[in-house]
Amino acid sequence: MIKHNVYISPDKVLVDGKALTHNEKGSALLTELYRNNVSDYPKFFKMDTLSKLGFVASELLLNAEGNRDFEPREDRAVIFFNKHASLQADTHYQSTIQDPEHFFPSPAAFVYTLPNIVTGEIAIRNKYFGETSFIVVEDYDEKIIERNLKNSFQDPMTKSIIGGWLDCLDEEHFEAKIFLLYKD
Amino acid sequence: MDELIYKLKQEIIEALNLEDMKPEDIDENASLFGEGLGLDSIDALELIVLMEKNYGIKLKDPAQGKEIFKSVTVMADFIQKNRTK
Amino acid sequence: MTKPILITGTGVVSAIGLDKNETLDALLNNRSGVGPLVYLKTDHKEFPVGEVKLSDAEMRKRLNINDNAITTRTALMGMIALDEALKDAKLTSDMLPKIGFISGTTVGGMDMSEQYYLDYIGESTHKEYIAVHDCGSCSEMTANHFGKFAFITTLSTACSSAANAIILGANMIRCGEADIVVVGGSECITKFHLNGFNALMILDTKPCRPFDATRAGLNLGEGAAYLVLETEESAKRRGVKAQAILSGYGNACDAFHQTASSPDGEGAYRAMKEALQLADIQPDKVDYINAHGTGTPNNDVSESQAMIRLFGKNVPPMSSTKPFTGHTTSASGSIEAVFCILALQHGFLPVNLNFSQPMEDGIVPVHQSVKKELKHILCNAFGFGGNDSSLLLSKPEL
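Chains as they are written, first to last, in this note's numbering: chain A, 1 to 184; chain B, 1 to 85; chain C, 1 to 398.
For the record, the hints were derived by calculation from the structure and aren't laboratory data.
Note that beta-carbon positions come from the ideal geometry of N, C-alpha and C, so glycine has one too.
No incorrect hints appear here.
With a straight-line cut-off of 25 Å between C-alpha atoms, the simulated DSS-like cross-links for lysine-lysine are: (1) B/Lys53 - C/Lys191; (2) B/Lys70 - A/Lys43; (3) C/Lys41 - B/Lys60; (4) A/Lys83 - C/Lys148; (5) B/Lys53 - C/Lys45; (6) C/Lys206 - B/Lys60; (7) C/Lys273 - A/Lys183; (8) C/Lys98 - A/Lys143; (9) B/Lys53 - B/Lys22; (10) B/Lys58 - C/Lys191; (11) C/Lys273 - A/Lys159; (12) A/Lys43 - B/Lys22; (13) C/Lys191 - B/Lys60; (14) B/Lys66 - A/Lys43.
If we take Cβ atoms under 8 Å as the criterion, some of the chain A residues that face chain C in the derived model are: (15) Pro107; (16) Gly120; (17) Phe129; (18) Met157.
Throw the hints in and build the complete structure from the sequences for me.
As structure tokens, this is what we get:
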């Protein structure tokens, strides 16, 4: 059963279907959302765009749920799907090794060259010790998402899931369509 | 030296994406890791890259960083003595 | 766990062999495949690696693939391993439309992008390789070489990808969504992650020494392995036998850091505990642990703590097989699962090569060849993102 949902695109933010007003677009929108809704987690600024997107989307989702206590728990999984894996972070890291005369591979850029770092970031923020997965698929497909999340509830430990679509091509092109799902 | 300390603070803020920080906010004698700025092991590696990129200093062993990154003052002092550019 | 999940076929390729026979021989005779770089074109010759001992052209020849075909090394290694697994389980191409394929990889077709990236942006040639850059295309290329699978899915959770592919396949079987799923992973060495791991300063310039006091990092490796997971009814109907049972599995998040493991091994502890709980097996029944054991100072301390927390003073014999193969990253979960199945079948403990000096508060790994009847084995695979998985592989009841 879906309890709450959040949608973020470069120029639109919906929480449980209601539009959130904002001034910025693209990745600046993510920073605006962070400043207005979180503001006490400076690690946000170190993240790649996919993680920033997943982070603010999950914050909006969890604020909608309310009663945030940040107590360690393992009954909540974080499972996302997308098409472009970590392409924005990959390109950024590539830019640090592009020029042989100026070759300084950035460790901070490299650590984000995996799509599942964002699931880890959300787990670190909320002290979730349960399942974290990132599944890369050809295109958005509700059936695939539904089936995989249903499978994850096979794990008796998992009672709820932050899940859904989390895709980022670059700082101007991204989409989060995530929800908080409870075992029926 | 004061000039180098100020410049180094600016470089650290940029390299580590300490978005909400200004050079004045960093105490040059306080520890960079642990409580101080809340930096982690990846930040330490980024500082190693920063020293190579901006000052031509190559560190081979990440453990060396522990001593050098005690504070901005210690770091500036090390750079002063070892810089090749 | 309610229904047993049978493993009715396996195939593996890594630095120590192109099939199971070569692999078993190397494991029994403590022959490492780690050595100087041969196939990857990079300036970083100082790092020993565990490369599969074939060029791309030699792999294509072995697979009867035409030399002009578009391929990636990850897909080619995947095909070699998948070929063995399918034959091993007596699966033919006409049966594939009822069988799923789940593969883990993280670098995908990065090797070709590295080779042709400057051509893409310069002379605009070799653009056909852009389409095979992504992880999913490697899985599809691998699978489609053999026929039309019912579905193909790619998992990407860094170094636990293949282990999680196994878990996803097992969950599908438990849900009743499939009778047979082929699961595993493939990953070739690329400049991308060699440079990245070097930037993180976790590569050793000497052969890696997991759980040793002098360990100084990992060696990269490459390879692929696939396992055929099957329900008992299906195996009975087809007249194939179980090589092993996947009796439990667990995935947990370390929730500590993007790349570093927590000092107390929280995620590893939870993953292993969950695997045992799912199988309803007490810790003292575990006969061997194939550790993730990368040889970095951080991983081995964290994993040791997790084992001590779970097993107390009686940690079962344990070793890391990464000195044999290097760290095969996304493929390590399935490659090492096949090593564990070989150990179950042939009754031996794989040796933790290059070990000489115990680490402080550490566990002494198996460092001499031991022949021993084994019943239950835990196999660990941990990934960046704190994504930790553990599989419990058991000998079938006769």
